[in-house]
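Which chain is which? The protein sequence lines are A and B, in order.
Following the working numbering, the residues of the first sequence are numbered contiguously, the last one being 418.
Following the working numbering, the residues of the second sequence are numbered contiguously, the last one being 491.
FYI, nobody ran anything at the bench for these hints, they're computed from the structure.
There may be inaccurate statements among the hints.
Quick list of in silico lysine to any residue cross-link-like pairs, SDA-like style, CA-CA up to 25 Å [to be verified]:
#	chain 1	residue 1	chain 2	residue 2
1	A	Lys171	B	Ala480
2	A	Lys167	A	Ala9
3	A	Lys171	B	Ala476
With beta-carbon atoms standing in for the labels, derived distance ranges [claimed, not checked]:
#	chain 1	residue 1	chain 2	residue 2	range
4	B	Leu488	A	Phe341	38 to 46 Å
5	A	Asp359	B	Thr468	37 to 45 Å
6	A	Lys171	B	Val435	21 to 29 Å
7	A	Val132	B	Ala491	22 to 30 Å
8	B	Ala491	A	Val340	40 to 48 Å
Note that beta-carbon positions come from the ideal geometry of N, C-alpha and C, so glycine has one too.
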Amino acid sequence: MENFSLILAIVVVTALAFDFTNGFHDTANAMATTISTGAMKPKVAVAMSAVLNLVGAFLSIEVANTISKGLVDESGIQPEVIFAALVGAILWNLVTWLVGLPSSSSHALMGGLIGATIASAGLGAVHGDVLVTKVLIPAVAAPLVAGVAAMFATRLTYKLGQHTSEKASGKGYRAGQIASAGLVSLAHGTNDAQKTMGIITLALVAGGTLAPDSDPPVWVIVSAGIAIALGTYLGGWRIIRTMGKGLTDLQPQQGFAAQTSAATVILASSHLGFSLSTTHSVSGAVMGAGLGRKGGVVRWSTATRMFVAWGLTLPAAALVAALAEWVTAFGTWGTAAVAVFLVGSSAAIWVVSRREVVDHTNVNDAATDEPAGVVTTAMAAVAPPPAGAAAEDLAATIPAPAAATEATANPSAPTPAV
Amino acid sequence: MHIDWAALGSVFGVSLVVTVALVGLFTLGIVGLSKREEASTRGDSVALATTGAYMCFALCAAAVAYGISLIMA
Chain A
1 MENFSLILAI VVVTALAFDF TNGFHDTANA MATTISTGAM KPKVAVAMSA
51 VLNLVGAFLS IEVANTISKG LVDESGIQPE VIFAALVGAI LWNLVTWLVG
101 LPSSSSHALM GGLIGATIAS AGLGAVHGDV LVTKVLIPAV AAPLVAGVAA
151 MFATRLTYKL GQHTSEKASG KGYRAGQIAS AGLVSLAHGT NDAQKTMGII
201 TLALVAGGTL APDSDPPVWV IVSAGIAIAL GTYLGGWRII RTMGKGLTDL
251 QPQQGFAAQT SAATVILASS HLGFSLSTTH SVSGAVMGAG LGRKGGVVRW
301 STATRMFVAW GLTLPAAALV AALAEWVTAF GTWGTAAVAV FLVGSSAAIW
351 VVSRREVVDH TNVNDAATDE PAGVVTTAMA AVAPPPAGAA AEDLAATIPA
401 PAAATEATAN PSAPTPAV
Chain B
419 MHIDWAALGS VFGVSLVVTV ALVGLFTLGI VGLSKREEAS TRGDSVALAT
469 TGAYMCFALC AAAVAYGISL IMA
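With the hints as constraints, model all of the structure from the sequences given.
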């Protein structure tokens, strides 16, 4: 690797940083239900997920040769474009982590690629029809499929198991949850670490260090696996809290049904050629499990904020990436400025997060008292207020504040007993 | 624009059937274990409940193994 240029080195480091944020952003997908139902201790759960992510990175040798699934024209893509895309994706991952909302890392990455590509090559390089078939439809379908499956599974397991002894069911559901959470972790390591490997390989090919169509070098596989495992072990506790406690109150039966549904949907969809987002599937499964239990409630205010975040993921990451690409086009100092901006804003987000620390000690506390940061307020403002009839209906069944706007406008609103 | 409704439909169908079947099977296993406890406290034979429970868990384990093979493929 004699002609390993500076921009290439920056892209590799940024890709690994994205991989790291991907890991801690998505810990919740595998482990939120296991942690909130008490099936595993928080630290043990993230450690297991990290190990399985690392194993998953090495499991499959079939590396994605396209990072955008045909979303943008990748021929002649420059390392600077990839760098700008990664900047957008990383920042969106950090912002959603700060406000504790699960959102798809893949969507953030695709959004970043779209934005950077538009800024560098114009609108024509983005394939709009692929955007609909690979992003929009799966985003709607994933939570529905996983949610419906989890709801019926929850109903069934409560019905069948209503006369079982406490001891047998407690042990049983714990083992079941651990198994399905392990599967999700493994699948995540395989899919998402490969995404990073694909990015780095593409950048190496674009930079002329690797021959086209070559497999990723061993150091790429190893570093991508380690980065995602470290991120997973760090644990995105804020997102875990929202997913495990914020959307609904999960009992072991529901946790098991939700996690099994998510694992099934993820594996079935990737195997049958209609990839669905892990984050969307798990969130949908958790809500379905909440609806499946008699007396179970879904906190639609939290769910609404999550849906808004999903809708914003692609455009927000695209906007940041487009700006980043515009600045990098000014040459070396532009790239340096973007790199400094990325490091600076990441540090700022971290500093803000220290105001209210969420870690393994308080991950299972109620998630409804999260601070109303700038972004939360902004998201709440964008969230459509529920229609009158719907609001009454919600108020009758859900103890949470009916609308996100109310919750942020009136912090002393009664929080539901958890 | 080509939307693969057939693939989406089969993802929906397969996910629904497999999830409900697996969770149902696993719950039956738990019911079996619970029955075994009851039977042993009464002093009855535990063979049937034990065999049934472990059959259910074995099928679930097979499904997990199949899942891992899908990940590796």
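Are any of the numbered hints broken by this structure? If so, which, sorted upward? 2
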